[in-house]
Structure formats: C-alpha cells, structure tokens
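With the sequences and hints as input, model every part of the structure.
Protein chains in written order, with my numbering: chain A, 3 to 248; chain B, 3 to 248; chain C, 3 to 248.
Treat the hints as calculated values from the structure; they're not laboratory data.
Accuracy of the hints is not assured; some may be wrong.
Given that identical chains are not distinguished, each listed pair holds provided it fits within a single copy or across any two copies.
Cross-link-like lysine to any residue pairs, in silico, SDA-like; alpha carbons within 25 angstroms at most [what the hints assert, rightly or not]:
| id | residue 1 | residue 2 |
| --- | --- | --- |
| 1 | LYS77 | THR189 |
| 2 | LYS46 | ILE162 |
| 3 | LYS46 | PRO225 |
| 4 | LYS77 | ILE26 |
| 5 | LYS46 | TRP217 |
| 6 | LYS46 | PHE220 |
| 7 | LYS46 | LEU174 |
| 8 | LYS46 | GLU218 |
| 9 | LYS77 | LEU215 |
| 10 | LYS77 | GLN128 |
| 11 | LYS164 | LEU178 |
| 12 | LYS77 | ALA181 |
| 13 | LYS77 | HIS134 |
| 14 | LYS164 | TYR45 |
| 15 | LYS164 | PHE208 |
| 16 | LYS46 | GLY216 |
| 17 | LYS46 | GLU221 |
| 18 | LYS77 | PRO42 |
| 19 | LYS46 | CYS159 |
| 20 | LYS46 | VAL177 |
| 21 | LYS46 | PRO222 |
| 22 | LYS46 | TRP223 |
| 23 | LYS164 | PRO42 |
| 24 | LYS77 | GLY90 |
| 25 | LYS164 | VAL203 |
| 26 | LYS46 | GLU224 |
| 27 | LYS77 | ILE162 |
| 28 | LYS46 | LEU215 |
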Amino acid sequence: MTPLIFSPQFALWSLGTLGILDLIAASTNAFNGALLARRPDHYKHFTVMGIVLLAFVGGIGGGILRDVLLDTVPKPLLNPWYIVACFGAAGLALTIEYYSGQRFRSGLFAFMTAFSLPWYAIVGAQTAVDRHLGYFAATLIAVIATTGGRSIIDIACGVIPKQLVRGENFVLTAVLTAALYLVLRYTFGVDVVVSTAIAAVFGFGFRLLSQFLGWEEFEPWEPPPSEAGEKPRHGLGDDLLAEFKR
Amino acid sequence: MTPLIFSPQFALWSLGTLGILDLIAASTNAFNGALLARRPDHYKHFTVMGIVLLAFVGGIGGGILRDVLLDTVPKPLLNPWYIVACFGAAGLALTIEYYSGQRFRSGLFAFMTAFSLPWYAIVGAQTAVDRHLGYFAATLIAVIATTGGRSIIDIACGVIPKQLVRGENFVLTAVLTAALYLVLRYTFGVDVVVSTAIAAVFGFGFRLLSQFLGWEEFEPWEPPPSEAGEKPRHGLGDDLLAEFKR
Amino acid sequence: MTPLIFSPQFALWSLGTLGILDLIAASTNAFNGALLARRPDHYKHFTVMGIVLLAFVGGIGGGILRDVLLDTVPKPLLNPWYIVACFGAAGLALTIEYYSGQRFRSGLFAFMTAFSLPWYAIVGAQTAVDRHLGYFAATLIAVIATTGGRSIIDIACGVIPKQLVRGENFVLTAVLTAALYLVLRYTFGVDVVVSTAIAAVFGFGFRLLSQFLGWEEFEPWEPPPSEAGEKPRHGLGDDLLAEFKR
Chain A
3 MTPLIFSPQF
13 ALWSLGTLGI
23 LDLIAASTNA
33 FNGALLARRP
43 DHYKHFTVMG
53 IVLLAFVGGI
63 GGGILRDVLL
73 DTVPKPLLNP
83 WYIVACFGAA
93 GLALTIEYYS
103 GQRFRSGLFA
113 FMTAFSLPWY
123 AIVGAQTAVD
133 RHLGYFAATL
143 IAVIATTGGR
153 SIIDIACGVI
163 PKQLVRGENF
173 VLTAVLTAAL
183 YLVLRYTFGV
193 DVVVSTAIAA
203 VFGFGFRLLS
213 QFLGWEEFEP
223 WEPPPSEAGE
233 KPRHGLGDDL
243 LAEFKR
Chain B
3 MTPLIFSPQF
13 ALWSLGTLGI
23 LDLIAASTNA
33 FNGALLARRP
43 DHYKHFTVMG
53 IVLLAFVGGI
63 GGGILRDVLL
73 DTVPKPLLNP
83 WYIVACFGAA
93 GLALTIEYYS
103 GQRFRSGLFA
113 FMTAFSLPWY
123 AIVGAQTAVD
133 RHLGYFAATL
143 IAVIATTGGR
153 SIIDIACGVI
163 PKQLVRGENF
173 VLTAVLTAAL
183 YLVLRYTFGV
193 DVVVSTAIAA
203 VFGFGFRLLS
213 QFLGWEEFEP
223 WEPPPSEAGE
233 KPRHGLGDDL
243 LAEFKR
Chain C
3 MTPLIFSPQF
13 ALWSLGTLGI
23 LDLIAASTNA
33 FNGALLARRP
43 DHYKHFTVMG
53 IVLLAFVGGI
63 GGGILRDVLL
73 DTVPKPLLNP
83 WYIVACFGAA
93 GLALTIEYYS
103 GQRFRSGLFA
113 FMTAFSLPWY
123 AIVGAQTAVD
133 RHLGYFAATL
143 IAVIATTGGR
153 SIIDIACGVI
163 PKQLVRGENF
173 VLTAVLTAAL
183 YLVLRYTFGV
193 DVVVSTAIAA
203 VFGFGFRLLS
213 QFLGWEEFEP
223 WEPPPSEAGE
233 KPRHGLGDDL
243 LAEFKR
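What follows is the structure, encoded as structure tokens:
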C-alpha cells in the first residue's frame, strides 16, 4: 500500500520543479472550479461536498481524462499531493468568497488561470508524444487535458460547456499553444525548456489579450429556424420523395 | 514522435480497405455531428470551434469510448487521418448548410448514417472479442461504440440522449447487428467477410425500414405522477411505518 | 471467444461468495437505476430500451468507471452475469412498478441501496489499493465507484447530480466507509473480513440514520446574486482597473 503523504516518499520537495508547477496549475484550476460552482449561472444549491467534488473535477479532471485516453493510470491519482491541493483550494475558495464576495474573481485571478491553461496544454501535448501519438492527436489531447475538466463542471451544473460557445479563445489558446510547442520541439528540435517557455509565454499572452480585448472564436450565422426537431413523424420515405421531386 | 500525415507512413492507401471504410464511417458521423449542432433543438449559439469539437465527438467519440473500455490506446488517435477527416467533415457540413439550408439533411444523408451505424456495431463487437470479451459484453461495447458519441453530443447540447427516447430503433439496430454478427461468426463459424456482409446488410435494412416506417422502441405507460421528487423531507422512518401499516 | 453464460465456466456458483455479493450489489443498483428513470423528476419519456440502458449505467457504471481509472479492463464486462443481472433487474423494476406503483420504492428498497453503497465503497477502495494507489486516491476511487453511475444517470436525465446537492450524506457515507476500511486494514493491519464487516456495518448504519433522521451534507450560504454571468463584455482590463482603484 502506498503510504500517506506524511511519509518521506511524498515529501513536497521530491516533486521537483516540474511537479510543483503542475501542482500549482492543478490547485489554480481546483480553486477556479470551486468559485465557478458558486457563480450565479452555475450555482444549483450545491453542498460543501458538492463544491469539493467540483473542485476535484476542475483540478485533476483534465489530467485524469488525458491519462485515461493515453491508457495509463492517471498521474494525479499516483501522488497524494494533488488530492490535498484540490481539497485545500476548495476550502480557500469558499473562505475567500465568504469574506470578499465574488468581486475578487474577475480580476487578479484571471492571471492565474491564464497561466495554468498553457501549462496544461504543453504537459498534455508532451505526455501524448511520450505515448507515441502524432502532432494532431497530441494537440487534441492537449485540448482535452486543458479544458476537459471545465466541460464536466459545466455539464454537471446544467450549463453548455464553455468549449462550445464564445469564451475568449478558451479552446483556441490550448490548440495554438500545443501546436507551437510541438512544432518548436519536434519539427525544429528546439530544447525542451526553451520550447516550453516560448509556448507558455505565447499562450499566456494570447489568452490574456483575448480576455482584455474581448477576442472571441467565430460564431457563425443563426441556423434556419424552420425545420422542426429530431423526429419527423412522417417517415424518411416522404423526405426522399420530396427530395426527388425537387 | 509519430510524424505528420505528409510522411509516407501515413499514406491514405496504407489504411487498406477496412481502414478506408472505417474512415468513411467516422467522417459520416462527424458530418452528422456538425449538422446536429446546427439543428434548432441542439443549437446553443455554438462557435465554429464548438462545432468542430462536436464533429470530433460524433466522428471518433464512439471509437475512443470503445477502446478506453477495452483498455487500449484509442485507435482513432493513432492515425492522423481520423482527425483530418473529422475536421474536413465539419467544414463540409458548415459549407453545405450555408448554401443549401437544412433541407439537405433529412433525405439522402440518412442513408449514409444508416450505413455507418451497423459498421460501427460490427467493428465494436469484433474489437471486444479480440480483447477476450464474451457475447453479451461485446454487444454492449458495440452499442457504446455505435451510439456513445451521439449521447455525448446530446448531453453537451442540453438534450436528452437519443438512446433513451424514441429514435427509430437507434440502439436496437446496434444490438441486433452486433448479436447477428457474433452468432454467425462465433456460434456458426461463418467466414468473417460473409458474417460482416450479412450483419451489415441486415442492420442497414432494419435501420432504414425503421426510419421509413416509423418503427420505434417501446415507450411504456406514463409513471404515476403523484409521488414527489427525490427527497421526502419526512425521512425514511415514516415511509417504513406507512408501509407496515398497509 | 469467451463463451456464453450457459457454459460451465460461467456457472453462477463459480463466482464465490464475494462474486455473488458483488452481483447482488450491481443488481440492486440496476434496479434502482430503472426505478429512478421512472420517477417524475427524472422521467423524460424514456423507452424500455432507454430504461434498460439506465439500469446498466446504475448497475455497472460505477464499476466500469473504477476499472477504467485504474487502467484495467472493466471487471463487469468480463463476466456475463453482470449484464444478465442488470437486464433482469430492469425488467423486474418495470414489472413491480406496473403492479404496485412507486409507493413500493421509498420504503423497504432503501435498505438494499443502503447495503450496496458501502459494499461498492469497500470494493472500490480495495481495488485501488491492489493497483498501488494510496489512501487518498483509494478513497476518491471508492466515491467514484459508489456514486459514479448515479451521476451519469442524473446528467442523462437532465438532473443535477445527487453528489452535488443535499442527498442524505450520499457521498460522505462512501468517503467515511472507504476511509474506515483503509485505516482498519492498512494502518492497523486488521484482518480483511473483519475490516470489511466493520466498515460495511458502519456505512450501512450511517446511511440509514442519515435517511431516517434527514442528516444532510452542509449547504453553504447563497452566493451573492449581483455579479452577472460568465462573460463580462467589458473585458478584463476594466476589472483590473476597478480593482486597483479600490
């Protein structure tokens, strides 16, 4: 049995720089998940337990999805610090919200989520490459690792996932960051630290600019409203006849 | 690192006949997913990025679910053509919708989805058997591989999954096709090509007939409306007392 | 190919005591899932096929999620009896509901679900430990194995998952049962049968008491209603300015 975090094996410093960065990104996303659960458009009379669960989904949901798709035991389950961090982030979010109200959120905190977004994208892309996936699949994995937790939170709260609607280039930031990293690292053979730094700075800047300037992914024209829903009760035969008659 | 699709290793013809068929089925489902996202009952002001993501879910979501359940790296992630095909299908769907409106959909396209449905069912059942699952589990995997992507699209769009409501034998077609294939192939030892052909023709015909003639899975009587929701605030004790008194 | 259940390899008695208990728990949850699909707050004009599918989700959904997260082929897919049991439970639920109405549910049946809840928690925790996860991750896996199926049912039915709202300590029971089992078994080295018995009795009693006495997880204060939804159309810059001005 893997021991508790109190054992030397799981000393926080044994995580190394990368591990600490990953833990900060997870905590940031967990914190964000807890705040999200309390926002009026998501709030559905959640209990504290529910908020903690949503913080877990936000913090380690994307990483778990990534590793399940890559057919490995999810890394956030292998180190107890992820679970402790998510738990702490949920508690901190509730405490801060209690004392400050939600004014807090829209401002300074957006910087931190803008940091964790490219970080998850780069880690996701690299993990996919380590499992022998190609550029396209690695970019897809990066998007899922980065934004997957958010979509589960949105669906659980009865909200349309942010990936699908206007959200200040939420998905596009992940796509571009992962693609930039992969091209630098594997097409041009740039050093891993330099590739990471360039892609992270780009992703961070692109996301912040999108939020500052209100850049959005393109939403196309409204679909024609005429046609009714799923089940035309007249059967397929009539449709085909109508089409042939045209 | 697995190279890009421009490398000879991923020449389209290296997929073989089965690979091409599978790619066509994925493209059809991706195309369908993109159209679905634009249909009035599903449409929720999706961006182009959102529509592309939903096309991915429709095109490779079922195959990914299948392979995750069978504990392997998802096959649609191992070959870049799947991702290219989904992307192209989404673009094509938006283009066609722009020029033709949605009249297009109900007719000729139903033929193609009626083709991809039994195809996915057979591939799903065979993949499950290759991983040493039995008849029942293989049929269940076939249903998930065939219809799983659709349920994710429906849920993401805030719609009740088509599997659960009347949908012209959507699930039953997958069940019967997979079961027919498995019985032919493994109970009677029929050749794999013949088994596939018979099951595919059956599934294709059954699905088309269901759509033409409006065959539906049975929807039972309305449940009694009296009893209130989830949480009877009077506690379990009262319920039991009431039951014993009867 | 793994043969059908009629073969001696899958004789019901070959499951052993633990296997039979697990099968009973799965059947109970499948039965519960089918009844849930018919309850007014969940009912959405489901077909019989839809009810059967929801019974599968309830019965084996949690176990499948558990094994997918632990990177193994889901155990409920390896033995055909799980699928047969879920199918039978769905049929039984529909039959009973037809003859008795839903009065049946709130009473005696709550005992059986209160039994299957700690059972899944203990099995989930033990399975996680067998895959070398630690206390915290094993408890998280136990919660997912116990309650994951229910969340999929709720989401598919367009209902907020019961984990997130007041539900008579639905999640807390799983957490406490798994933690108690793990501490007894691995911190104090208690025999596996004794640990299981103590944790199961505790979980069963705690859940029943919660239902009898209406114990609930804590639901915090209402969030401040003022702040608008997701996308402040004024951009991040204004928010930061406002914050600095304070």
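Checked hints:
For a Cα distance limit of 25 angstroms, the shortest separation of LYS77 from THR189 across copies, 24 angstroms, qualifies, whereas the shortest one inside one copy, 27 angstroms, does not. In this homomeric assembly, LYS46 and ILE162 come within 25 angstroms of each other (Cα to Cα) both inside a single copy, at 15 angstroms, and across copies, at 8 angstroms. In the homo-oligomer, the alpha carbons of LYS46 and PRO225 lie at most 25 angstroms apart only across protomers (10 angstroms), although the nearest pairing inside one protomer, at 31 angstroms, exceeds that limit. Within a single copy, LYS77 and ILE26 get their C-alpha atoms as close as 15 angstroms, which meets the 25 angstroms cut-off; across copies the closest is 33 angstroms, which misses it.
Taking the shortest alpha-carbon separations for LYS46 and TRP217, only the inter-copy value of 19 angstroms comes in at or below 25 angstroms, while the best intra-copy value is 29 angstroms. Within a single copy, LYS46 and PHE220 get their C-alpha atoms only as close as 30 angstroms, which misses the 25 angstroms cut-off; across copies the closest is 14 angstroms, which meets it. For the identical chains of this complex, LYS46 and LEU174 are inter-copy neighbours only, at 19 angstroms across copies versus 29 angstroms inside a copy, given an alpha-carbon limit of 25 angstroms. Taking identical chains as interchangeable, the C-alpha atoms of LYS46 and GLU218 lie at most 25 angstroms apart only when they sit on different chains, with a minimum of 16 angstroms there against 28 angstroms within one chain.
Proximity of LYS77 to LEU215 under the C-alpha cut-off of 25 angstroms is found in neither arrangement, the shortest distances being 36 angstroms within a copy and 40 angstroms between copies. Proximity of LYS77 to GLN128 under the C-alpha cut-off of 25 angstroms is found in both arrangements, the shortest distances being 14 angstroms within a copy and 19 angstroms between copies. In the homo-oligomer, the alpha carbons of LYS164 and LEU178 lie at most 25 angstroms apart inside one protomer (17 angstroms), although the nearest pairing across protomers, at 34 angstroms, exceeds that limit. In this homomeric assembly, LYS77 and ALA181 come within 25 angstroms of each other (Cα to Cα) both inside a single copy, at 23 angstroms, and across copies, at 21 angstroms.
When the C-alpha separation of LYS77 and HIS134 is checked against a cutoff of 25 angstroms, the pair qualifies both within a copy, at 18 angstroms, and between copies, at 12 angstroms. Proximity of LYS164 to TYR45 under the C-alpha cut-off of 25 angstroms is found in both arrangements, the shortest distances being 15 angstroms within a copy and 14 angstroms between copies. Only within a single protomer do LYS164 and PHE208 lie at most 25 angstroms apart by alpha-carbon distance; the minimum there is 18 angstroms, versus 38 angstroms between protomers. In this assembly of identical chains, the alpha carbons of LYS46 and GLY216 lie at most 25 angstroms apart only when taken from different copies (20 angstroms versus 28 angstroms within one copy).
Taking CA atoms no more than 25 angstroms apart as the test, LYS46 paired with GLU221 passes between copies only; the shortest distance there is 11 angstroms, against 28 angstroms inside one copy. With identical chains, the CA atoms of LYS77 and PRO42 are never at most 25 angstroms apart, being 33 angstroms at best within one copy and 40 angstroms at best between copies. Taking the shortest Cα distances, LYS46 and CYS159 sit within 25 angstroms of each other both inside one copy (7 angstroms) and across copies (16 angstroms). When the C-alpha separation of LYS46 and VAL177 is checked against a cutoff of 25 angstroms, the pair qualifies only between copies, where the shortest distance is 22 angstroms, while the shortest distance within a copy is 31 angstroms.
In this assembly of identical chains, LYS46 and PRO222 lie within 25 angstroms of each other by CA distance solely across copies; the values are 12 angstroms between and 31 angstroms within a copy. Taking identical chains as interchangeable, the C-alpha atoms of LYS46 and TRP223 lie at most 25 angstroms apart only when they sit on different chains, with a minimum of 12 angstroms there against 32 angstroms within one chain. For a Cα distance limit of 25 angstroms, the shortest separation of LYS164 from PRO42 qualifies both inside one copy, at 15 angstroms, and across copies, at 19 angstroms. Taking the closest pair of Cα atoms, LYS77 and GLY90 come within 25 angstroms of each other only inside a single copy of the chain (19 angstroms); across copies the shortest separation is 33 angstroms, beyond that limit.
For a Cα distance limit of 25 angstroms, the shortest separation of LYS164 from VAL203 inside one copy, 23 angstroms, qualifies, whereas the shortest one across copies, 40 angstroms, does not. Within a single copy, LYS46 and GLU224 get their C-alpha atoms only as close as 30 angstroms, which misses the 25 angstroms cut-off; across copies the closest is 10 angstroms, which meets it. Proximity of LYS77 to ILE162 under the C-alpha cut-off of 25 angstroms is found in neither arrangement, the shortest distances being 28 angstroms within a copy and 28 angstroms between copies. Only between protomers do LYS46 and LEU215 lie at most 25 angstroms apart by alpha-carbon distance; the minimum there is 24 angstroms, versus 31 angstroms within a single protomer.
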